[in-house]
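Use the sequences and the hints to build the structure in full.
Respectively, the protein sequence lines represent chains A and B.
Residues in the first sequence are numbered consecutively from 0, following numbering that gives the first Met the number 0.
Residues in the second sequence are numbered consecutively from 0, following numbering that gives the first Met the number 0.
These aren't lab readings, by the way, just hints derived from the structure by calculation.
Owing to the predicted nature of the structure, the values given are computational and were not obtained by experimental measurement.
Take the hints with a grain of salt, since some may be wrong.
[As the list claims (entries may be wrong)] Partner residues aside, some chain A positions facing chain B, computed with beta carbon under 7 Å:
{"id": "1", "residue": "G3"}
{"id": "2", "residue": "S4"}
{"id": "3", "residue": "P69"}
{"id": "4", "residue": "E70"}
{"id": "5", "residue": "L125"}
{"id": "6", "residue": "A129"}
{"id": "7", "residue": "Y153"}
Heads up, the beta-carbon is just placed ideally off N, CA and C, and yes, glycines get one too.
Number of protein chains: 2
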Amino acid sequence: MPVGSVQCDNTTLNLLKANDFVAKAIRERLKDVCVINVCSSPGSGKTTLMQETGKRLSSELNIAVLVGDPETERDAVRMREVGINALQIVTGGMCHIEAQMVLQALDHINLDGVDLLFIENVGNLLCPAAFDLGEDYRVTLLASTEGDDKPKKYPRMFLTSELMLVSKADLLPYVPFSVEAVTKDAREVNPNLEVISISTLNGEGIDAWCSWLKDKVRAKKGIKG
Amino acid sequence: MPVGSVQCDNTTLNLLKANDFVAKAIRERLKDVCVINVCSSPGSGKTTLMQETGKRLSSELNIAVLVGDPETERDAVRMREVGINALQIVTGGMCHIEAQMVLQALDHINLDGVDLLFIENVGNLLCPAAFDLGEDYRVTLLASTEGDDKPKKYPRMFLTSELMLVSKADLLPYVPFSVEAVTKDAREVNPNLEVISISTLNGEGIDAWCSWLKDKVRAKKGIKG
Chain A
0 MPVGSVQCDN TTLNLLKAND FVAKAIRERL KDVCVINVCS SPGSGKTTLM
50 QETGKRLSSE LNIAVLVGDP ETERDAVRMR EVGINALQIV TGGMCHIEAQ
100 MVLQALDHIN LDGVDLLFIE NVGNLLCPAA FDLGEDYRVT LLASTEGDDK
150 PKKYPRMFLT SELMLVSKAD LLPYVPFSVE AVTKDAREVN PNLEVISIST
200 LNGEGIDAWC SWLKDKVRAK KGIKG
Chain B
0 MPVGSVQCDN TTLNLLKAND FVAKAIRERL KDVCVINVCS SPGSGKTTLM
50 QETGKRLSSE LNIAVLVGDP ETERDAVRMR EVGINALQIV TGGMCHIEAQ
100 MVLQALDHIN LDGVDLLFIE NVGNLLCPAA FDLGEDYRVT LLASTEGDDK
150 PKKYPRMFLT SELMLVSKAD LLPYVPFSVE AVTKDAREVN PNLEVISIST
200 LNGEGIDAWC SWLKDKVRAK KGIKG
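So, in structure tokens, the structure goes:
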């Protein structure tokens, strides 16, 4: 049906649409890999969780990590030190990873036989929420030390996530944080959100987190659990 | 000197220049008020520090707070509950406060006789760094629970701050965080950065923080200490 003109949205929306187009291309390219976009504030424990997860699951799953930071390659170094196949995305000060950055990174990391690819996003509870990276699932960490009022203040991140990990659960005795209250608030934003409390220090919830991951890898490969 | 054309920068730069123009107008309007832009990740303790500071200094200084969040008015409510003159800026999901939002807010808060105006920014260690809000000083909180690797990863915020507050110092015994290491890293980014460790729970460093503030208010009013 020929038309005389195309009505376009404003520039920002077009750029977000371009991002989504690239995200779709990533999904097509990684159709045998379960991709998890891991988000949180700075210092909520994403990298430590990646290290711990790699250690726990390395005998069962082939794992790779793309890790974003505005500056430095420290996190990829930390992961490679414990034997994880990791590539740093340095965003050059940018506050989030975009799909185009992931697409570019895919040419520089060996994904042969990889079952599970984590994209550890830039530490930021806001901007990454707007960018689809071609992931299958989005997981948001919220540390017990950050306070239980965050889901209502930063709703978009919790709305677009499948799982909220309450991290640093070992510090719960020392900080004013109610897992019950934060779960209630987060589910008012996103009724389908799953919640697991975890601690990489005392191991709480790590088994549940690993089971969650293995289920998702199985689902991606079309294997019945 | 008449010219035939004006060479302009790209749109983003123009918008940042417009922000700086508005920030200058704020500075002219608030020439008797010491303005502090308080930045950090989500949950580093900005609001609790504002409450504690209000309590400590209310007999000596007239304090007001503009507080930014992507959603909810919870923080302004928390501050008004302890008697602080506070106005919420709800950014509508935006990841930082802009000068225009502050200018608009100034028409809705009574600043008669106010010595010290805090602008508590959105919890985000990245985007707020780019926006001058007309402040005299920028103060960045970094919680001990966030890890001591943040100044090198998020350098712009520390580069543009006068003071780094290491918050939640009471948790230092429980977390892997070296005040010495973080100070060294932060001063490699910004050699002039002052550093104070604080805890609103056990009171550590709060006297030093209040003295710092009183010095700045005196300096703004042109009073010798």
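Here's how the hints hold up against the structure:
1. G3: 28 Å, violated
2. S4: 24 Å, violated
3. P69: This hint holds: A:P69 lies near chain B, its Cβ roughly 6 Å from the closest one there, short of 7 Å.
4. E70: Check passed: Cβ of A:E70 comes within 6 Å of chain B, closer than 7 Å.
5. L125: 4 Å, holds
6. A129: Violated: closest Cβ of chain B sits about 9 Å from A:A129, beyond 7 Å.
7. Y153: 6 Å, holds
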